[in-house]
Amino acid sequence: MSVLVYINSEKIAKNSFEAVTYGKKIGSVTVITNGNATDEDLAELGKYGADKVLVDRNFEGTDSQQVTRLVAKAANSLGASTIVFSNDLVGKAIAPRLAVRLKAGLVAGATQVPDEEGKIKVNVFSGKAYGYVKVESTIQIISLLPNSIQPEETGQKATVENFDGEVGTAGLTVKATKKPEGSIPLPEAELVVSAGRGLKGPENWGIVEELAETLGAATACSRPVSDIGWRPHHEHVGQTGVAIRPNLYIAAGISGAIQHLAGVNGSKVIVVINTDAEAPFFKAADYGVVGDAFEVLPRLNEAFKKFKASN
Amino acid sequence: MKILVCISKAPDTTSKIAFTDGNTKFDETGVQFIVNPYDEWYALVRGIELKEQHGGTVTTITVGTAADDAVIRKALAIGADDAVRVNTDALDAFQVAEEIANYAKDKGFDLILTGKETINYNGSQVGAMIAEHLDLPYISLATKLDVNDGTAKLDKEIVGGSQEVEAQLPIVVSCAKGMAEQRIPNMRGIMAARTKPLQVVESTSSGQLVNFVNYELPPSKAAVKLIDPDNMDELVALLHNEAKVI
Ligand SMILES: Cc1cc2nc3c(=O)[nH]c(=O)nc-3n(C[C@H](O)[C@H](O)[C@H](O)COP(=O)(O)OP(=O)(O)OC[C@H]3O[C@@H](n4cnc5c(N)ncnc54)[C@H](O)[C@@H]3O)c2cc1C
Ligand SMILES: Nc1ncnc2c1ncn2[C@@H]1O[C@H](COP(=O)(O)O)[C@@H](O)[C@H]1O
Numbered sequence: 028m029s030v031l032v033y034i035n036s037e038k039i040a041k042n043s044f045e046a047v048t049y050g051k052k053i054g055s056v057t058v059i060t061n062g063n064a065t066d067e068d069l070a071e072l073g074k075y076g077a078d079k080v081l082v083d084r085n086f087e088g089t090d091s092q093q094v095t096r097l098v099a100k101a102a103n104s105l106g107a108s109t110i111v112f113s114n115d116l117v118g119k120a121i122a123p124r125l126a127v128r129l130k131a132g133l134v135a136g137a138t139q140v141p142d143e144e145g146k147i148k149v150n151v152f153s154g155k156a157y158g159y160v161k162v163e164s165t166i167q168i169i170s171l172l173p174n175s176i177q178p179e180e181t182g183q184k185a186t187v188e189n190f191d192g193e194v195g196t197a198g199l200t201v202k203a204t205k206k207p208e209g210s211i212p213l214p215e216a217e218l219v220v221s222a223g224r225g226l227k228g229p230e231n232w233g234i235v236e237e238l239a240e241t242l243g244a245a246t247a248c249s250r251p252v253s254d255i256g257w258r259p260h261h262e263h264v265g266q267t268g269v270a271i272r273p274n275l276y277i278a279a280g281i282s283g284a285i286q287h288l289a290g291v292n293g294s295k296v297i298v299v300i301n302t303d304a305e306a307p308f309f310k311a312a313d314y315g316v317v318g319d320a321f322e323v324l325p326r327l328n329e330a331f332k333k334f335k336a337s338n
Numbered sequence: 239m240k241i242l243v244c245i246s247k248a249p250d251t252t253s254k255i256a257f258t259d260g261n262t263k264f265d266e267t268g269v270q271f272i273v274n275p276y277d278e279w280y281a282l283v284r285g286i287e288l289k290e291q292h293g294g295t296v297t298t299i300t301v302g303t304a305a306d307d308a309v310i311r312k313a314l315a316i317g318a319d320d321a322v323r324v325n326t327d328a329l330d331a332f333q334v335a336e337e338i339a340n341y342a343k344d345k346g347f348d349l350i351l352t353g354k355e356t357i358n359y360n361g362s363q364v365g366a367m368i369a370e371h372l373d374l375p376y377i378s379l380a381t382k383l384d385v386n387d388g389t390a391k392l393d394k395e396i397v398g399g400s401q402e403v404e405a406q407l408p409i410v411v412s413c414a415k416g417m418a419e420q421r422i423p424n425m426r427g428i429m430a431a432r433t434k435p436l437q438v439v440e441s442t443s444s445g446q447l448v449n450f451v452n453y454e455l456p457p458s459k460a461a462v463k464l465i466d467p468d469n470m471d472e473l474v475a476l477l478h479n480e481a482k483v484i
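Line by line, the protein sequences give chains A and B.
Numbering-wise, the numbering used here puts 215 at position 188 of the first sequence, and it's gapless, one number per residue.
Numbering-wise, the numbering used here puts 325 at position 87 of the second sequence, and it's gapless, one number per residue.
Hints are computed from structural coordinates only; laboratory data are not their basis.
Be careful, since some hints might not be right.
With a straight-line cut-off of 27 Å between C-alpha atoms, the simulated BS3-like cross-links for lysine-lysine are [unchecked claim]:
1. Lys391/B <-> Lys202/A
2. Lys146/A <-> Lys263/B
3. Lys295/A <-> Lys310/A
Sample of chain A residues facing chain B (criterion: CB under 10 Å; computed from the structure) [to be verified]:
4. Thr65
5. Lys79
6. Trp232
We treat Cβ as the ideally placed atom computed from N, Cα and C, and that holds for glycine.
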């Protein structure tokens, strides 16, 4: 079976390796990409099972219309029966367009490979349930939820070839790009330290940031905290904010309202710190500390520092 | 300016999630339906603000059955001028988008706004699909949208940051947090909504491409392990040895 995997080569990140690994479990993998990655970097995708990488360096991948034309052309020339994306911000803008262009069913946010009946598991109801989806068309498009499978090194180097996607003109122009230096983007973070209204005020976030720095974690917050402007909007996690699925989520001074849980319940391990032993968040937690965040967070920071020093 | 806002209904965010018919259908017993929060708070309100600034109309469109009319009236109460409902129980995002695109294609809309995603299926698909059907630019996860002389200026989320982009109307935009502030409908709005036009049109879609076969609830979580607040070394040791996340 011929599988085409799109990756966003502006940054070949872990979710790109996940997408290639996923594709390899279904068939033989060709990668299609655009942008400026070097041949050497692209050849590395072979490690995760790609045989070949097709690259169009003539345009940047900022316009979903152009990227869709590129992937559609590659899919047609290859006769691909499965096309895989990472369900990150890039994949979300392109995979549905491609579904219309190829009239192919899209499974958005897959967390597993298809089972024997071809059903694919996805999260629904903001992570409160799972759905099993079957594609009815001959071509299937799957966008893989980041951090749901581990990259597996199975191969060597891939061959890299130039590919002309004949992508036409862009429908939008980019005026400026802002990427805060140093901070770890939340949706990709494997470790997240988060705090809520229990922290009382923005001036108290130092203890949250220090712990995050020790761990190399991203910081997040509950909705009211970003609504009142204590923290930036992009840190708001939950049903109406960002949905995350880190390996470790540490939540201090957050009550654990159902809308907050909806954005974090995909986390592998949850640690909750709250003065109120009855806080609903403890029901969703793996480890709980009933105590004052102002005392517990600095202590936890010291304990992690000690652990890091001796490991 | 002619603005179309895509409105879907969603179970209230506190709903208990359960399934019936051998786990093949969402159990709607006792479930309150609301306007999908992203559609209401961000897409609809920004659409209304742009109309207030530039003049024009805000039409909502919903693919759904008569059971959705209550939710549509809520959108009208917030300030949309009129509503369209495509009368079918849409089965997947492809079908929803095709219905909306078929309706919109010869109506001359300058802006088609959707929410970031529905909170029940979380697909984040419909906006991009409409854009492809109509061969229009699509700006996903916009947090800011202004229009000047036929040019839209937007801020959008990208991996690890944000981007300022420009595009010529017409465009399709999916709206995320930052776009606008929630508006609570007032009594006058609610009264006016009762008599605003709600046009029902028939389905034109070629059908679904994916099928939700069945559902499953996550296994219930084991009881939380409580750690003494004075013993954070123990927590760190557990995270390392037992949970293996650090
Ligand atoms: C449609 C809708 C969508 C929503 N979407 C979201 C969303 O996406 N994300 C989100 O987060 N919320 C969302 N909410 C809001 C949500 O319902 C809660 O109101 C919110 O999550 C509560 O935030 P919080 O836990 O920070 O504050 P609170 O509920 O005020 O909780 C503060 C907690 O801190 C504890 N505390 C106090 N002092 C200390 C201390 N010194 N040390 C330790 N603990 C302390 C308290 O015991 C309490 O549990 C949404 C609501 C609605 C209606
Ligand atoms: N049945 C529907 N009728 C109208 N608009 C919809 C419908 N379903 C989804 N949408 C719109 O498409 C957006 C994305 O939905 P989804 O692709 O399901 O996550 C929503 O926020 C709505 O604006």
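Verification of the hints:
1. Lys391/B <-> Lys202/A: 9 Å, holds
2. Lys146/A <-> Lys263/B: 16 Å, holds
3. Lys295/A <-> Lys310/A: Holds. Lysine 295/A to lysine 310/A sits at ~15 Å (cutoff 27 Å).
4. Thr65: Violated. Min distance 20 Å.
5. Lys79: Violated. Min distance 25 Å.
6. Trp232: Constraint on tryptophan 232/A not satisfied, violated at 19 Å.
Of the numbered hints listed earlier, those contradicted by the structure are 4, 5, 6.
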